[in-house]
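Those protein sequences? They're chains Z, P and S, same order as listed.
All the letters of the first sequence, read from the start, carry residue numbers 105 to 401 under my numbering.
All the letters of the second sequence, read from the start, carry residue numbers 115 to 462 under my numbering.
All the letters of the third sequence, read from the start, carry residue numbers 1129 to 1448 under my numbering.
Where hints are given, some of them may not hold.
What the hints assert, rightly or not - Restricting the straight-line Cα-Cα distance to at most 25 Å, the calculated cross-link-like pairs of lysine to any residue (SDA-like) are: (1) S:K1255 <-> Z:F381; (2) S:K1255 <-> Z:F256; (3) S:K1394 <-> Z:W137; (4) S:K1394 <-> S:D1257; (5) S:K1216 <-> Z:A249; (6) S:K1394 <-> Z:A249; (7) P:K246 <-> S:L1383; (8) S:K1255 <-> Z:R389; (9) S:K1394 <-> Z:S255; (10) S:K1394 <-> Z:F256.
Because the hints were derived from the structure by calculation, they are not lab data.
Read off the chains here:
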Amino acid sequence: MPEPESHEALDAAVEEAPAPLAERRDPMGATFWVCMGWLGLLAVVAVFAKYLPLQDPNAPNYLDPGANAGPSLGHLLGTDALTRDILSRLAYGARISLVIGIGATAIGIGIGGSLGMLSAYVRGRFDAGVSLVMYSGLAFPAIIAVIAVISFWGRSQWHVILVLGLFSVPLIFRLVRAATLSCATKEYVTAAKSQGATALRVVARDIFPNVAPSLVVYSVFTLGGVIATEGALAFLGFSVLPPTPSWGTLIYDASNDATTNLPLIFAPAIAIFLTLFSLNYVGERFRRRYEPLESRL
Amino acid sequence: MSTSGPVAGSHPALLSVGDLRTSFSTPRGTLVAVDGVSFELARGETLGVVGESGSGKTVLARSILGLLPGARTTIEGSVRFDGDELVGASAQAMRAVRGARISMVFQDPMSSLNPVHRVGNQIAEALRVHLKVSRRVAREAAIGLLAQVGIPSPAERARAYPLQLSGGMRQRVMIAIALACGPELLLADEPTTGLDVTIQAQILDLLEDQRRLRQMAMILVTHDLGVVATRTDRVMVMYAGRVVELAPTARLFEHVRMPYTEGLLGSMPRLDEPSHTRLAAIPGRPPDLVTRPAGCAFSPRCPYATAQCHAASPPLVADPADPDHLYACWHPIAAARDLHAPRGADAR
Amino acid sequence: MARYLLLRLVTLVCVVFVITVFCFLLIHLMPGDPATAILQTSATPQARHALDAYLGLNRPLPLQYWTWLVNVLHGDLGTSQYSGLSVKSIIASSYRVDIELVLYSQVIAFLVSVPLAIYAARRDGGKLDQSATTITFAFYCLPAFILILWLVQLLTLTWPILPGVGSDPFPTGLPLWDAVLTNLRVMLLPSAVLAIGSIAVYYRLLRNELVVTLREEFIIVARSKGLTTNRILWRHALRPSSVTLLTSMGNNIALLIVGLFVIEDKMGFNGLGTQLVNALPNKDYLTILGITLVTAVTVVVVNFVIDLITMFVDPRIARA
Chain Z
105 MPEPESHEAL
115 DAAVEEAPAP
125 LAERRDPMGA
135 TFWVCMGWLG
145 LLAVVAVFAK
155 YLPLQDPNAP
165 NYLDPGANAG
175 PSLGHLLGTD
185 ALTRDILSRL
195 AYGARISLVI
205 GIGATAIGIG
215 IGGSLGMLSA
225 YVRGRFDAGV
235 SLVMYSGLAF
245 PAIIAVIAVI
255 SFWGRSQWHV
265 ILVLGLFSVP
275 LIFRLVRAAT
285 LSCATKEYVT
295 AAKSQGATAL
305 RVVARDIFPN
315 VAPSLVVYSV
325 FTLGGVIATE
335 GALAFLGFSV
345 LPPTPSWGTL
355 IYDASNDATT
365 NLPLIFAPAI
375 AIFLTLFSLN
385 YVGERFRRRY
395 EPLESRL
Chain P
115 MSTSGPVAGS
125 HPALLSVGDL
135 RTSFSTPRGT
145 LVAVDGVSFE
155 LARGETLGVV
165 GESGSGKTVL
175 ARSILGLLPG
185 ARTTIEGSVR
195 FDGDELVGAS
205 AQAMRAVRGA
215 RISMVFQDPM
225 SSLNPVHRVG
235 NQIAEALRVH
245 LKVSRRVARE
255 AAIGLLAQVG
265 IPSPAERARA
275 YPLQLSGGMR
285 QRVMIAIALA
295 CGPELLLADE
305 PTTGLDVTIQ
315 AQILDLLEDQ
325 RRLRQMAMIL
335 VTHDLGVVAT
345 RTDRVMVMYA
355 GRVVELAPTA
365 RLFEHVRMPY
375 TEGLLGSMPR
385 LDEPSHTRLA
395 AIPGRPPDLV
405 TRPAGCAFSP
415 RCPYATAQCH
425 AASPPLVADP
435 ADPDHLYACW
445 HPIAAARDLH
455 APRGADAR
Chain S
1129 MARYLLLRLV
1139 TLVCVVFVIT
1149 VFCFLLIHLM
1159 PGDPATAILQ
1169 TSATPQARHA
1179 LDAYLGLNRP
1189 LPLQYWTWLV
1199 NVLHGDLGTS
1209 QYSGLSVKSI
1219 IASSYRVDIE
1229 LVLYSQVIAF
1239 LVSVPLAIYA
1249 ARRDGGKLDQ
1259 SATTITFAFY
1269 CLPAFILILW
1279 LVQLLTLTWP
1289 ILPGVGSDPF
1299 PTGLPLWDAV
1309 LTNLRVMLLP
1319 SAVLAIGSIA
1329 VYYRLLRNEL
1339 VVTLREEFII
1349 VARSKGLTTN
1359 RILWRHALRP
1369 SSVTLLTSMG
1379 NNIALLIVGL
1389 FVIEDKMGFN
1399 GLGTQLVNAL
1409 PNKDYLTILG
1419 ITLVTAVTVV
1429 VVNFVIDLIT
1439 MFVDPRIARA
């Protein structure tokens, strides 16, 4: 007898019983730790790439084993069309992704977060003005600016970080502002204000600690988004200069040069997938743990 | 099985509840919210169901209509409505009954009305679904119903959204929805809790008027004995999921038998007492419905409890002197209560 | 209610204005100049000056912007000094593809995510819910540019059931019915890929809101009226739960543009993305401005329409 589950009466009945329900402490789960493991591995590889027993990602191996060679002992994922070792390119690509990702996220959270909190707290014309600019930023076809900057100021890592970072500011601003708004109307803030605390002090001591868990969650999601965007940009040819490998570039190579090189086709894609999956999953778990009263945003 | 019933034999009872048992499976165990409740309701009769939170009165009302969430709920026993068995009936059969033959008025009108639908449409919907009338006819009938429940400018109001109406008006809309298809039985679950005191009387009067007009039976669920005193034919007192006293209203108030009911009466403020008279609250708290100790459920809080009370649970029996009055107590209160005596003068 | 609408409208107009200013500044802050791009090797200083003067590029910036703005308000987006074609015609011929892709992808997204969310929320925690959540989540983590590659390979080359790269979605010379069919066939794959990200987001938002809504009292009331489960789900639970979904739509569509340009490229469509990629290195600033303007206005209009729909869906928004 299909009927929509409605727990109201059940809750009422259960609540009426005076004894407390056992508290369910959600363990983070196996998947969570697997994801953290992958992210940890990624971080280690990215940081210590130079010290790991990897080939030079740009060095050709013309004679041995040649182009598009399958996996072998010396080259665990084989080589690409230009006879470069795929595994090491993948590893160094991880470095690019993480550096760009973390850099851009830091800019986004730093600027978007602080402006969001400040704007929501101060309100008035400042808030209206900044919100308008941010809204424009959201509606602005960011890809145009990205391509423009990359085309004209050069394809360097820092330019990519800067542009991606700036364009993640509006969304974070909006989210943080909303979170702060719901915080700022609470009574402990009014209490602090009534005791003569300066705006900065209230923001730092009362608002920030309450918004911080959300910031962590947003950071994780933004990181995922930046890595995905960087992948797409690299694929289009608008990220770092070759021969520096980025996962997106590897996918481009796979699509253009070597349509039968299976490791090249799948490895970077799987790497991106695992990374995005891990970041999103971890972010979601954090959110459920620390933001039980998710705002009706 | 209850042997009460106003006039057994002359009219068959409209609603006949037999040993109804509603339980939920929770992480802590099985919670029995309604534990073997039986009673009958004649056509046109008003039954008041009284009890504290946790007594099972709301669950009882919802069990009758089968409105409880599915997977974790078990309903056993029998609910016969005009001869048809409702427990275990098919979804289709239940849908035909709900809203058309048995309707319910809920407690909080703000959360009971869909915030995104106009109130006129919410009434009209019931008509279109059950009576299969056209949109236009339903809309006009809805306006008529709004007028009947005492809402001024009904044609205008029909186009309003719930948030645009006051609490009292929303509850009237709720009642209009319940009455739309002319049900034979109305379940009113705390219809006035949460409303302004001044509005409460109006709503209760409205219910009574409509009931009389339409010859409906009504079950009025409330925790407020004052509500029940003048507006019901019989009163059923529930505690911990069981019926502990059931009698025609006047008799209940005149001669309380069960100590719990006495406690409830005693805890009501009275107009003829000097102000600041202390209210006699019943000490203790309602029992845990998952782990039920043997013995009378009320015994831990009962001032007259004996060893027998703690050991075995008293059955619901009829007063030999007055067969319409049922109670479940090993030591029912003997003397009739003098309604006009000051508190504390009750002799045992 | 009118006040609310007016306020939104004014905001959106301001936003378009700000965006065009942004864009204008951006172009002029970029190194390199149109004259050099046009003249290429014959870019002597005198030639450049002359061309600059001819194109009006040596006037002060605000004046240039103002001229452009006035022209736009008269419907003139200028002429691409690089290709000689009017910017309007360049945009008009490329715009169709993008509009269609976005439109189709959102239609697909809704057709999939709404019923899925409804039936998953109905038994939340159940099999449908768990598998739908996992699958949409997984697809979300596979970026569009990878998916399009694989699917193009799979569905147009390995098993040629769909038209391949370079097909024209707007074939000329065919009877209407055939043209429409061809259009749908060509657009199916790219729209579906583009829809995936949206499906994941919309499904999750809607499902979560529905689970909460289904616990509300008015749902039980609806059941007490004897309504069928489907009616309750679709006519009573869906509307109050739709607001977060609608709110996210505007932003989602704006973000869709990145994927859009990638897909354009990979499917061989001649859309705004392709035009942009050509215009940028050439500093074809009028075209760049024109494309930015059109994109921004589209996003803004879409947002406004979504606001209207939201107001209609949930009357609490404008009247509370």
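Outcome of the hint check:
no.	hint	in the structure
1	S:K1255 <-> Z:F381	21 Å, holds
2	S:K1255 <-> Z:F256	52 Å, violated
3	S:K1394 <-> Z:W137	37 Å, violated
4	S:K1394 <-> S:D1257	34 Å, violated
5	S:K1216 <-> Z:A249	21 Å, holds
6	S:K1394 <-> Z:A249	21 Å, holds
7	P:K246 <-> S:L1383	47 Å, violated
8	S:K1255 <-> Z:R389	20 Å, holds
9	S:K1394 <-> Z:S255	20 Å, holds
10	S:K1394 <-> Z:F256	24 Å, holds
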